[in-house]
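Novice: Use the sequences and the hints to build the structure in full.
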Amino acid sequence: AQSVTQPDIHITVSEGASLELRCNYSYGATPYLFWYVQSPGQGLQLLLKYFSGDTLVQGIKGFEAEFKRSQSSFNLRKPSVHWSDAAEYFCAVGLSGGYQKVTFGIGTKLQVIP
Amino acid sequence: GAVVSQHPSWVICKSGTSVKIECRSLDFQATTMFWYRQFPKQSLMLMATSNEGSKATYEQGVEKDKFLINHASLTLSTLTVTSAHPEDSSFYICSAYPTSGTGVNEQFFGPGTRLTVL
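So the protein lines, in turn, are chains A and B. At position 75 of the first sequence (counting the first as 1) the number is 75 in this note's numbering, and the numbers step up by one without a gap. Each number in this note's numbering comes from the position in the second sequence (counting from 1) with 1000 added on.
Source of the hints: derived by calculation from the structure; they are not laboratory data. Errors might be hidden in some of the hints.
[As the list claims (entries may be wrong)] The list that follows gives simulated cross-link-like pairs (lysine-lysine, PhoX-like), each with its CA atoms no further than 25 Å apart:
hint : chain 1 : residue 1 : chain 2 : residue 2
1    : A       : K101      : B       : K1020
2    : A       : K109      : A       : K61
3    : B       : K1066     : B       : K1055
4    : A       : K109      : B       : K1041
5    : A       : K101      : B       : K1066
Specialist: Written as structure tokens, this is what we have:
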């Protein structure tokens, strides 16, 4: 079964600083990888996804993530964080193809300080 | 983009009553929908997979008689929490996979329903 590890439960960064949120997955085949953002009391919004092809994927709101098969990682990055980026971020992995279940990491709460 | 709605967005009920939560795909058809439960400061835990026209598939540890799922059409799935108790209080989120189109293999999430059982 697939699993996702987000080692950082809580991260604090200054506004304007760069951001990297870590995600490691465990899955035997090529995974479908996702990053979602959740604001308090809200549902999930997809930031970006990786299915195949270019391992550096661009998402919404200036986020990007890089798939590194050798490290089983899919870290999320943003060069300059805005106060509105404060939220909970979830990494998720799904099986290749079809309407398959997605497994979520525990989430990383991002706090942005002025 | 694909939009999924949930109704109600929040509900408060007395212990012992039943509560129905609706999940609708507004601009696409979804053969498969998922129901998740999220406890405070925790991740989403998959409860069940809802397939249109067939019985739902429940994850291990989820009581199917307590959490009734009905996926009667390609745009609507319902979750009924029967005989709710305070420990059922949680944030319930649904998601839907488009049956066709560019969104296939990507699930779209509803905004969630906050259930509080007194």
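Novice: Each hint needs a verdict: does it hold in this structure or not?
Specialist: Okay, the hints, checked on the actual structure:
1. A:K101 to B:K1020: Satisfied, since the Cα-Cα distance of roughly 23 Å is no more than 25 Å.
2. A:K109 to A:K61: Given that 25 Å is the threshold and the Cα spacing comes to 17 Å, the pair holds.
3. B:K1066 to B:K1055: 15 Å, holds
4. A:K109 to B:K1041: 9 Å, holds
5. A:K101 to B:K1066: With Cα atoms ~22 Å apart, K101 (chain A) and K1066 (chain B) stay inside 25 Å; holds.
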